Amino acid sequence: MAAIIRNSVLLASLLLLLLAAAAVWTSGDGGASEELTVEEEFERWMVLHERKYEDESEKEKRFEIYKKNKEYVESFNRAGNHTYTLGINGFSDMTNEEFADKYLSKNVCF
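Quick note, the sequence shown lines up with residues -26 to -1, 1 to 84 if you use mature numbering (1 follows the signal peptide of the UniProt record, and there is no 0).
The hints are simulated quantities; they were obtained by calculation from the structure and are not laboratory data.
There could be a bad hint or two in this list.
Stated by the list, open to error - Cβ pair distances, simulated, as ranges:
id: 1; residue 1: D75; residue 2: E8; range: 35 to 41 Å
id: 2; residue 1: G64; residue 2: L10; range: 16 to 22 Å
id: 3; residue 1: L60; residue 2: I(-23); range: 51 to 57 Å
id: 4; residue 1: L10; residue 2: E34; range: 36 to 42 Å
id: 5; residue 1: L78; residue 2: F50; range: 16 to 22 Å
id: 6; residue 1: D29; residue 2: E71; range: 55 to 61 Å
id: 7; residue 1: N81; residue 2: G54; range: 36 to 42 Å
id: 8; residue 1: L22; residue 2: T59; range: 53 to 59 Å
id: 9; residue 1: E8; residue 2: N63; range: 31 to 37 Å
id: 10; residue 1: L60; residue 2: D29; range: 28 to 34 Å
id: 11; residue 1: H56; residue 2: I(-23); range: 51 to 57 Å
id: 12; residue 1: E13; residue 2: R52; range: 19 to 25 Å
id: 13; residue 1: E48; residue 2: F73; range: 17 to 23 Å
Claimed, not checked - Straight-line alpha carbon distances no greater than 25 Å define the calculated BS3-like cross-link-like pairs of lysine-lysine that follow:
id: 14; residue 1: K76; residue 2: K33
id: 15; residue 1: K26; residue 2: K42
id: 16; residue 1: K42; residue 2: K76
Please read these numbers as outputs of a predicted model, since none were measured by experiment.
Backbone N, C-alpha and C fix where the C-beta goes; we use that ideal spot for every residue, glycine too.
Start from the sequences and build out the full structure, keeping to the hints where you can.
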């Protein structure tokens, strides 16, 4: 009887240990939270989307646009008024006007 109880306790302990390890592993960063500044997020975004700008002036301009777009996305999602959410993507360093000029057709016939 004592062996059964001991095995049950051992099994429960092992299960708890595995659950704790899984929780740390799925957190992606070993359990430590990583708070990035907007500048750091933008730098990571640039690497992810292979963005290189001609000079620091252009980079600063694109960063300001990125920041405004990020603020809009967060505000929109926080409001929770829609059945969908917005996110940062490969166009996040463009204004709406730049995106429309580059990707939307101007020759629409009705």
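Here is what the structure says about each hint:
no., hint, result
1, D75 / E8: 35 to 41 Å, "holds (36 Å)"
2, G64 / L10: 16 to 22 Å, "holds (19 Å)"
3, L60 / I(-23): 51 to 57 Å, "holds (56 Å)"
4, L10 / E34: 36 to 42 Å, "violated (18 Å)"
5, L78 / F50: 16 to 22 Å, "holds (20 Å)"
6, D29 / E71: 55 to 61 Å, "violated (22 Å)"
7, N81 / G54: 36 to 42 Å, "holds (38 Å)"
8, L22 / T59: 53 to 59 Å, "violated (19 Å)"
9, E8 / N63: 31 to 37 Å, "violated (21 Å)"
10, L60 / D29: 28 to 34 Å, "holds (30 Å)"
11, H56 / I(-23): 51 to 57 Å, "holds (55 Å)"
12, E13 / R52: 19 to 25 Å, "holds (22 Å)"
13, E48 / F73: 17 to 23 Å, "holds (19 Å)"
14, K76 / K33, "holds (19 Å)"
15, K26 / K42, "holds (19 Å)"
16, K42 / K76, "holds (20 Å)"
Consistency note: the structure conflicts with the earlier hints numbered 4, 6, 8 and 9.
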